[in-house]
Amino acid sequence: MSSSADDSSAPRAAPSGPSSSDPAGASPIEVRGLIKRYGELTAVAGVDLTVNAGDVYGYLGPNGAGKTTSLRMMLGLIRPTEGSVRLFGRDPMESVHALEGVAGFVEAPTFYPYLSGRGNLEMLAAYDGGGARDRVDQALETVELTGRAGDRVGGYSHGMRQRLGIAAALLRDPKLLLLDEPATGLDPAGMRDMRRLIRRLADHGMTVLLSSHLLPEVEELCNRVAIVRLGKIVYEGEISALKRGAGTVYGLETTDDDRALAVCRAQAGISEVRVEHGRIAFAADPAAASLLSQALVEAGALIKALAPQTVSLEDLFFSFTEGDGTMGAGEVGNSDQAPAAQTAS
Amino acid sequence: MPGVGTVYRWELFKLRHQKRTYLGLGAAILVPILFVVAVHLRRHHERGGGFAFSDYVDRSGLAIPLVILLFGAIWLFPLISALVAGDIFASEDHNGTLKTIFTRSLERWQIFAGKTLVAATYSAFAILLCGTVAVVAGSLQSGFNPLQSLSGTIVSAPKALELVYVSLVIYLIPIAAIVCIGLLLSSVTRNSAAAVVGTLMVSLLFQLVGILPGLGGVQPYLLSTQFNAWQGLLRTPIDWEPIIRALWVCGIYGVVAITAAFLVFVRRDVAGG
Numbered sequence: 001m002s003s004s005a006d007d008s009s010a011p012r013a014a015p016s017g018p019s020s021s022d023p024a025g026a027s028p029i030e031v032r033g034l035i036k037r038y039g040e041l042t043a044v045a046g047v048d049l050t051v052n053a054g055d056v057y058g059y060l061g062p063n064g065a066g067k068t069t070s071l072r073m074m075l076g077l078i079r080p081t082e083g084s085v086r087l088f089g090r091d092p093m094e095s096v097h098a099l100e101g102v103a104g105f106v107e108a109p110t111f112y113p114y115l116s117g118r119g120n121l122e123m124l125a126a127y128d129g130g131g132a133r134d135r136v137d138q139a140l141e142t143v144e145l146t147g148r149a150g151d152r153v154g155g156y157s158h159g160m161r162q163r164l165g166i167a168a169a170l171l172r173d174p175k176l177l178l179l180d181e182p183a184t185g186l187d188p189a190g191m192r193d194m195r196r197l198i199r200r201l202a203d204h205g206m207t208v209l210l211s212s213h214l215l216p217e218v219e220e221l222c223n224r225v226a227i228v229r230l231g232k233i234v235y236e237g238e239i240s241a242l243k244r245g246a247g248t249v250y251g252l253e254t255t256d257d258d259r260a261l262a263v264c265r266a267q268a269g270i271s272e273v274r275v276e277h278g279r280i281a282f283a284a285d286p287a288a289a290s291l292l293s294q295a296l297v298e299a300g301a302l303i304k305a306l307a308p309q310t311v312s313l314e315d316l317f318f319s320f321t322e323g324d325g326t327m328g329a330g331e332v333g334n335s336d337q338a339p340a341a342q343t344a345s
Numbered sequence: 346m347p348g349v350g351t352v353y354r355w356e357l358f359k360l361r362h363q364k365r366t367y368l369g370l371g372a373a374i375l376v377p378i379l380f381v382v383a384v385h386l387r388r389h390h391e392r393g394g395g396f397a398f399s400d401y402v403d404r405s406g407l408a409i410p411l412v413i414l415l416f417g418a419i420w421l422f423p424l425i426s427a428l429v430a431g432d433i434f435a436s437e438d439h440n441g442t443l444k445t446i447f448t449r450s451l452e453r454w455q456i457f458a459g460k461t462l463v464a465a466t467y468s469a470f471a472i473l474l475c476g477t478v479a480v481v482a483g484s485l486q487s488g489f490n491p492l493q494s495l496s497g498t499i500v501s502a503p504k505a506l507e508l509v510y511v512s513l514v515i516y517l518i519p520i521a522a523i524v525c526i527g528l529l530l531s532s533v534t535r536n537s538a539a540a541v542v543g544t545l546m547v548s549l550l551f552q553l554v555g556i557l558p559g560l561g562g563v564q565p566y567l568l569s570t571q572f573n574a575w576q577g578l579l580r581t582p583i584d585w586e587p588i589i590r591a592l593w594v595c596g597i598y599g600v601v602a603i604t605a606a607f608l609v610f611v612r613r614d615v616a617g618g
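Going down the list, the protein sequences come from chains X and Z. In terms of my numbering, the first sequence opens at residue 1 and continues consecutively. In terms of my numbering, the second sequence opens at residue 346 and continues consecutively.
Think of the hints as simulated: they come from the structure by calculation, not from any bench. Treat the hints with care, since some could be wrong.
As the list claims (entries may be wrong) - So the derived label-pair ranges between C-beta atoms look like this:
#1 X/Gly131 to Z/Leu608: 46 to 54 angstroms
#2 Z/Leu608 to X/Leu41: 21 to 29 angstroms
#3 Z/His439 to X/Asp91: 46 to 54 angstroms
Claimed, not checked - Rough simulated footprint, nothing fancy, chain Z against chain X, three-plus residues with beta-carbon under 8 angstroms:
#4 112 to 124
#5 154 to 160
#6 218 to 232
Just so you know, these numbers come straight off a predicted model, no measurement behind them. A virtual CB, placed ideally from N, CA and C, is assigned to each residue, including glycine.
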């Protein structure tokens, strides 16, 4: 896959204002109260989320959390039991016209194995209509499959099929791209190339909803996330707000850790004190951390190291999805109500 | 804008790239050739031995397509039709490609209509191909001779040829019903093998019911009976009654099956693939 920002092979930038795909200026995705039940089983238990134009939106959750079922409902493949999906203000269950300007795939992209890669794309382009046929070569070039375009898809590797899936999506010249685990099964180079491609598409103005297990990838690519657990959204909002809400975590090493531990626990403004990997960890704001350093010196526990630690999306994800409550999982619904200063466990 | 015609063209394209397409067409070509070879061998090595309609076949090659129509109703033509009709929706499940085509710019009904037309086209093509091969091979074997009608009158060769092709067209009426049943099973079972075998089983079941004692009253309304409607053309004067009955009886079977198939296809959740 090309890693260069080749404008000629990249999709056109989306206009900043309302386009033909969003006649009323509606959000690319607006999901309200989405529920899907299969008999006694509830696969999706009430999902609300909004993806705004220009977002690269991470949709996160463990296996079985209902991510793929939600995505299928967003694409009109599955009829919701309750709730609604609107893509640029239109209901995908009512008409396929709701998918104008929308493309993507759920789980692995699938094609006819007895047709060539080009044959598959030409068929899909015919099904898309408009100028899709003219974009076949460009799409193949973007995902670097031009040289294998004449081969039958049945002989393609997993990575090649993933790339062909992206190419098939690009045929629609989408303004909204829904991708379900696009890097799954790819080798490290393939994952890197996929990440670069998504970044490039986003840079050209495309709104992307990305379902992924690869949290570093989501952290690198996405500006907003929804974390889903047992079919429900437990957090929706900006990653930066999520991290801010988690507070700053410090790591501390001293000449006398027992004494330092006692000082930390007694000090105002210091919380979540514990010992991790042989050193003290606690949550505090910068001012409280400064006062703590003074108290430690006065107590005779000289500081060897005191540094803020980075809270990763992975830490936050596990705190929400594995639900020990240390991040206030289930208590937050959006970035405005991000968890109060608590540490990642 | 893409529409039913787009689906139709690309489904034909897909058919051309699948082996099962050629399996059915191969059978449609081979069966009349094998039949003619058997007739030839019988004439040259076992003269005097006979089989049903052997006199007809010996006198005119134009009898061969009609004899094949008669025997082909048992399993050959239902099987050829089921090969594509039973597979055309189920293969999308097998390949996981419904989600691929349902997220383009075509409504589900358009995809359904295009696929249905292709399944019907394939069956019609296979039967006309089989009939044409039988006419050519039969004429080479027994000559392009006048044909004796079922009423005993003699029909000139050109007129008999016309009757053969009209018979083939009449034969497409019950075949269309078989195609609809195949499409229904393909849509419901989502399994190609089950749908193909199931369609053939339904056809055989009708024939079984037709020979059961005590069920003679239902025979005119069985699907299997409609495969004989074309014989009305070979009577003098032409007997239209079985043809008209075939139209409405097969219409009922077909409309019920295709409506059910349509509802299943357009309303289903695509949760796999």
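Hints, one by one, checked against the model:
no. : hint                                     : in the structure
1   : X/Gly131 to Z/Leu608: 46 to 54 angstroms : 34 angstroms, violated
2   : Z/Leu608 to X/Leu41: 21 to 29 angstroms  : 24 angstroms, holds
3   : Z/His439 to X/Asp91: 46 to 54 angstroms  : 30 angstroms, violated
4   : 112 to 124                               : holds (count 7)
5   : 154 to 160                               : violated (count 0)
6   : 218 to 232                               : violated (count 0)
In the structure shown, a violation is registered for the earlier hints numbered 1, 3, 5, 6, in ascending order.
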